[in-house]
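There are 4 protein chains.
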Amino acid sequence: MFLGMSDRVKPLVEQVRAMIRDEVVPLEHEYEAEIGKAGDRFAMTKRQIDILEGLKAKAKAKNMWNFWLTGSEQGYGLTTVEYAYLAEEMGRSHLAAETFNCSAPDTGNMEVIERYGTQAQKDRWLKPLLAGEIRSAYLMTEPSVASSDATNVSLSAVLDGDEWVMNGEKWWASGAGDPRCKIYITMCVTDPDADKHKRHSQIFVPAGTKGITVLRPMQVFGNDDAPHGHMHIRFENVRVPKDNLILGRGRGFEVAQGRLGPGRIHHCMRAIGQAERALELMCRRAATREAFGKKLMDLGANFDIIAECRMEIEMARLLCLKAAWMMDNVSKVEAAHWISQIKVVAPRMALKVVDESMQMHGGAGVSQDTPLAKMWTGLRTLRFADGPDAVHRRQVARTELKRYVNRGPEP
Amino acid sequence: MFLGMSDRVKPLVEQVRAMIRDEVVPLEHEYEAEIGKAGDRFAMTKRQIDILEGLKAKAKAKNMWNFWLTGSEQGYGLTTVEYAYLAEEMGRSHLAAETFNCSAPDTGNMEVIERYGTQAQKDRWLKPLLAGEIRSAYLMTEPSVASSDATNVSLSAVLDGDEWVMNGEKWWASGAGDPRCKIYITMCVTDPDADKHKRHSQIFVPAGTKGITVLRPMQVFGNDDAPHGHMHIRFENVRVPKDNLILGRGRGFEVAQGRLGPGRIHHCMRAIGQAERALELMCRRAATREAFGKKLMDLGANFDIIAECRMEIEMARLLCLKAAWMMDNVSKVEAAHWISQIKVVAPRMALKVVDESMQMHGGAGVSQDTPLAKMWTGLRTLRFADGPDAVHRRQVARTELKRYVNRGPEP
Amino acid sequence: MFLGMSDRVKPLVEQVRAMIRDEVVPLEHEYEAEIGKAGDRFAMTKRQIDILEGLKAKAKAKNMWNFWLTGSEQGYGLTTVEYAYLAEEMGRSHLAAETFNCSAPDTGNMEVIERYGTQAQKDRWLKPLLAGEIRSAYLMTEPSVASSDATNVSLSAVLDGDEWVMNGEKWWASGAGDPRCKIYITMCVTDPDADKHKRHSQIFVPAGTKGITVLRPMQVFGNDDAPHGHMHIRFENVRVPKDNLILGRGRGFEVAQGRLGPGRIHHCMRAIGQAERALELMCRRAATREAFGKKLMDLGANFDIIAECRMEIEMARLLCLKAAWMMDNVSKVEAAHWISQIKVVAPRMALKVVDESMQMHGGAGVSQDTPLAKMWTGLRTLRFADGPDAVHRRQVARTELKRYVNRGPEP
Amino acid sequence: MFLGMSDRVKPLVEQVRAMIRDEVVPLEHEYEAEIGKAGDRFAMTKRQIDILEGLKAKAKAKNMWNFWLTGSEQGYGLTTVEYAYLAEEMGRSHLAAETFNCSAPDTGNMEVIERYGTQAQKDRWLKPLLAGEIRSAYLMTEPSVASSDATNVSLSAVLDGDEWVMNGEKWWASGAGDPRCKIYITMCVTDPDADKHKRHSQIFVPAGTKGITVLRPMQVFGNDDAPHGHMHIRFENVRVPKDNLILGRGRGFEVAQGRLGPGRIHHCMRAIGQAERALELMCRRAATREAFGKKLMDLGANFDIIAECRMEIEMARLLCLKAAWMMDNVSKVEAAHWISQIKVVAPRMALKVVDESMQMHGGAGVSQDTPLAKMWTGLRTLRFADGPDAVHRRQVARTELKRYVNRGPEP
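Going line by line, the protein sequences match chains A, B, C and D. Position one of the first sequence corresponds to residue 1 (UniProt numbering), numbered consecutively onward. Position one of the second sequence corresponds to residue 1 (UniProt numbering), numbered consecutively onward. Position one of the third sequence corresponds to residue 1 (UniProt numbering), numbered consecutively onward. Position one of the fourth sequence corresponds to residue 1 (UniProt numbering), numbered consecutively onward.
Treat the hints as calculated values from the structure; they're not laboratory data. Among the hints, erroneous ones may be present.
When chains are identical, the list treats them as one kind, so a pair holds in a single copy or across two.
Derived SDA-like pairs: lysine to any residue, alpha-carbon spacing no greater than 20 Å straight-line [said to hold, decoys possible]:
no.: 1; residue 1: Lys37; residue 2: Gln119
no.: 2; residue 1: Lys37; residue 2: Asn223
no.: 3; residue 1: Lys352; residue 2: Glu308
no.: 4; residue 1: Lys60; residue 2: Gly75
no.: 5; residue 1: Lys295; residue 2: Asp149
no.: 6; residue 1: Lys294; residue 2: Ser148
no.: 7; residue 1: Lys210; residue 2: Pro179
no.: 8; residue 1: Lys295; residue 2: Asn152
no.: 9; residue 1: Lys242; residue 2: Thr118
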């Protein structure tokens, strides 16, 4: 179980770190300031697009692109463990993942198409996604049901001749606000009378298809996260070709499972990067700011707080690396146990570190003057996105208990 | 130590509860929707003003007004314990406190003027504040220093003939965004060479005085809290009459201490009301929503989570009532020990309850569809507003240890 | 809701505090040292008995006796709130409760007899218990079943002519090790075919009845708690008169419920007294001991730790007093909700305070040189004695949710 | 950073696990039952010695011996990472470590002699220790000073001709109760006027030297841990030869630091093994015991509790392995940072897991019927043995902050 940085990935980590520090972070504020200048917060200004596409062009030119394609013959063919070190770096800036074409939900969507798509589907959707020419969304969660139990998902798709006719509502369609978002992968019910886990399918639905209404952006603690957005979308008799079906009727859960593993762990990797940046900010603050005649670091419990953050980050990172290693080395089912663990641990840890960092900063910590508040709200959604903590804990406990059920007390 | 609801306050609680439920809450959404319609988010629309002033007029007409004037001959002459029950009710809606002219920072500012103001100052500022005709702000915190140690406050006021000439910056001036805000009570340095606790004074500065620039609204987790606002303000050679000084030169801390006690506990009372509403929302959700074939309440640890929230609310409420009783019955110095306790406990408890409630709601919990996210961000600022947790804990420990210093081990 | 110390109880608290400080605590070490000197750790030496009976005689002579008889015409007729202040004092020494004839399990057993006993039963058992002449045990828990669900209790009692014939095993019979323990109140199954809650009865069984074998003392973290003891007892064809039945066949749960409320809250009151003593010890240590050139109190997070302990004690005490007030003022069913709350809160709080105090003491904290380790192990058992935390939390949540089931979301 | 089980250590882990399961654990109860049968609890019966020496002889015969000699040319030459897997197994039974001659404090003492001893010292003390023929103790902590700051250590050693004359008191001398314990490594002050860190030396003192009085065993939560024992020892004019000095005058801290690193991490490794056994017991209990008509595992928060335990164990193990890897691959100073981290994390985690397991077991959990209570008390002492948590956290924070002091805010 080699969890260190491999010789192969070490220079990549350096390159990615340098580019984020020298080229991405310096543009953060300008990018932020552009939001809304086009009138509609979800219409991007030319400058906004230039910033993003400029960064992407630079990264692509240096072949710093699509690192997430792990275990693949395309690109670098990194292991998941190797990618973890890169993703952590990308966590430090909210523009970084897209710069390297490694951002959610595109990476997960690309995995779906690569793994389950037909050649035609790949040509149409995967190619431009891999090239960073378009973006995509994944439509899963619905407002009227507890989507933590995905069998509740109810948007219906009925075959009418050569077309699926789709009706229902989705929300938290992340990235669907972006004008460059061209395709939705949509979980829906195609076979309502089948067994519970055979009712659902996934279908490609091009953004802008007739019958689609983007009702509103969902707000996260008051923020619309424009222009990315987490959109609430209505489908009214939306028609798409029969061939837009992915993998097969009733195989929606199979597709979902294939998609969710990597997506979950990528979120965790980036969360660790955020925690590192938050701890760095906390330490810098503690080492410079003064109150009551002392540096903050020399007051009260601040040494203890900093030590606890360091220890929790280390443990979460190691667990994340182990989960990554499992993805590289054991079956998907076995790895799921580890992904569930890190999915609970990483966001919670990062929330704690960011919260402590905010507290060390006082008012500045919750304001626009530090990246901490934005980090916190994003991380908070991770505690239920891709499955709430409770569901993942249940999964972990089940695996644990399976070894003992019907075995009796200790021999 | 009578901590129950007195016979006198019981009907008032009923009235306040009913008015909030029947008249205030139903206008919340409309009020929210108005924000920004005037173009500038800090310019209120006529409808916005009508909503607020209409509610105030109704409350005033029923004599449901200025309840916060505890231990006073004016108004109801409630005890702090009695007021606690009313303030808790007001915590349930963010429009409620203003409806009854009980909102921060006005109540604290009015206390200052009533207690320390000259008759002329009272006539000019207290009267319209008591009548709800104007609003006010309290300018304390500064961006360039750790204001948790208030001796760091540095905005300077130099006497030049009959005028104070003021220079410096303040931020987190809550309420200063409101166009109805007409007066700032401003902590400043008038005697830089005096003893550390004798350097500061408080001065009335009318909003809009020449030399004042409102630089920007501070954001709280991305929200500007318009039109109330937490403003960042620059003073450049701002001139105000000599008589605008409160109480006397070098007595700024004396004034601050008188102001902060009640303000701190009022925040806590309302925090408890917010926690109650969050728990109610959590229970309603748990009792209706279904996943995995069960009501949410019947899944996993949800019974335990709900029980813990109930117990923590009860304990925090009792501690808050005891602190209120102390304010009514012991010296300010002794009561401070209790206020520090509840100032640490109440926001933390409420944050926890709201966080659990958000988690039970999934995506809806962090969105605009429930009041939870707004509650959370507001409560989060309470952990450093009016003194960060660490400072209050230090205060509590000091009182505790004083009994044992130089006493040796147990006899 | 008056939760303060009443004028009536104030002098009693002073008296009790003084007697514990001046007469009970000074004998603690000598009493401890006697244990085991008689050879059998459960055979008390003359000196041991003299210490206990001497203290009792003194207390009785001063009429400091049977304070626990709340709401009764006998004795002081204290309210439960008043008694709470006395019980807290008694928590400070492990010999104190018995000194005043206020110790578990006797108080609970006396309540049972007073409330449900026949005159003959009262004459035989209650009188000597009230007089402190004998002691008693309560036999509930069994080794072979999860007794947290009391319907599992299985020791059988079969009527054979005028006698009950009893067979089965009990453990954790606290106090049954004491040679002065003369009577067991025993929960058993008399009507196995009845409804689940009508199968059990409670029967008086004199200690030493033929067929009873005391198998062993249960150890608590390695301690046998001699001579009190928590005994594991076997019943083999134990015969007692038919009239030893309490209240009636199948009414075992009714009796149990009447018994448990007061017993639970008394434990909590004493736990708070223990926490106070632990905090005092921690502060004395922190204020005297030096390391790294400073007093311990001035190192690291120690101020914060002390402050947290103070705040948690205050909150738990207030909740305990509120639960006591409920016992005095509302129905038993309503009060149960509050007793469940404090039953979860008080032991957990006290464990935390004692644990922090141990940590401040280093090695001494877990050793025989401070009372902390003994406190900790005793308190730890309270987290499942008289119902584990999980069962009480369930109770609290149930009451909470009842208000919302079938009510839908917030109106 | 390879943290997995190497091919070399895999079969050893299997062998150790099998021997513990098949030969050590089955003798645990008999061994326990022997304690005290010789009258004096610290005098071992023949059977007791036979059990221990029998196990040792078997292990030695199979060459399962002195695994702890990491990075050494003697024995297996395992890495610390490899040894971690073995030590974890040994954590599962309290007789296991001694069986393989891997128990504290002998391993630490042997390291000291191997690293710093003269050939004569090695011949006299190291040889029989490596052979398992004698045992040893390490005398550091003193009752009258805060020994968490080791510069406080005050037992004096004055050179008088060719002899050191030693006076003072030590306590918590673990293992000094064992009649087979023949040598004490003793930290003392030889140069009281030197610089603070140059005052102390370490000296070999044979057990039983004239002037030594073993005052009493310290109790840990009431247990004397006989026959191992944690002894309180007085030195009155104890004379030992000048050559018993280790390494050199004033080099006591140098010796201590060399000793403590491995000792601390070995404790942590075993703590993880204990946690694993506690979790296993909890799961077995949860999967078999019934209450309220359900298996315990299907009640309340038990799934969540089990999942949290699994996740915390995994993280602590990974951190422990990383600290071990650091010991193998970086300087002692750098590794210290990691050892401090795991020293805080592992005991805390294990205490939590054992506590939850106890709660799942109810009364049985704190009693002699499970190994949990004994585990808990042992683990609790680890939170201050070899440095209290606070000191280790301080160490971790210092390393963290060093990177930022005088660096200012984020560039």
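As a check of your reading, is Lys37 near Asn223 (CA-CA no more than 20 Å) within one copy, between copies, both or neither? both (16 Å within a copy, 18 Å between copies)
Is it within a copy, between copies, both, or neither that the alpha carbon of Lys37 lies no farther than 20 Å from that of Gln119? Neither, since 40 Å and 50 Å both go past 20 Å.
Could you place Lys352 and Glu308 in one of the four classes (within, between, both, neither) given a Cα distance threshold of 20 Å? both (10 Å within a copy, 16 Å between copies)
Tell me, please, which holds for Lys210 and Pro179 at an alpha-carbon limit of 20 Å: within, between, both or neither? Answer is within: at 16 Å inside a copy they meet the 20 Å cutoff, but 45 Å across does not.
How would you classify Lys294 and Ser148 at a CA-CA limit of 20 Å: within, between, both, or neither? Between copies only: 12 Å across chains, 48 Å inside a chain, cut-off 20 Å.
Reference check for the pair Lys242 and Thr118, CA-CA at most 20 Å: within, between, both, or neither? For Lys242 and Thr118, only the intra-copy Cα distance (13 Å) is at most 20 Å; the inter-copy one is 81 Å.
How would you classify Lys295 and Asn152 at a CA-CA limit of 20 Å: within, between, both, or neither? between (54 Å within a copy, 13 Å between copies)
If the cut is 20 Å between Cα atoms, do Lys60 and Gly75 qualify within a copy, between copies, both or neither? This pair counts as within: shortest intra-copy Cα distance 11 Å, inter-copy 54 Å.
State whether the alpha carbon distance between Lys295 and Asp149 is at most 20 Å within one copy, between copies, both, or neither. between (49 Å within a copy, 12 Å between copies)
Going through the hint list in order, the structure does not satisfy hint 1, though it satisfies all others.
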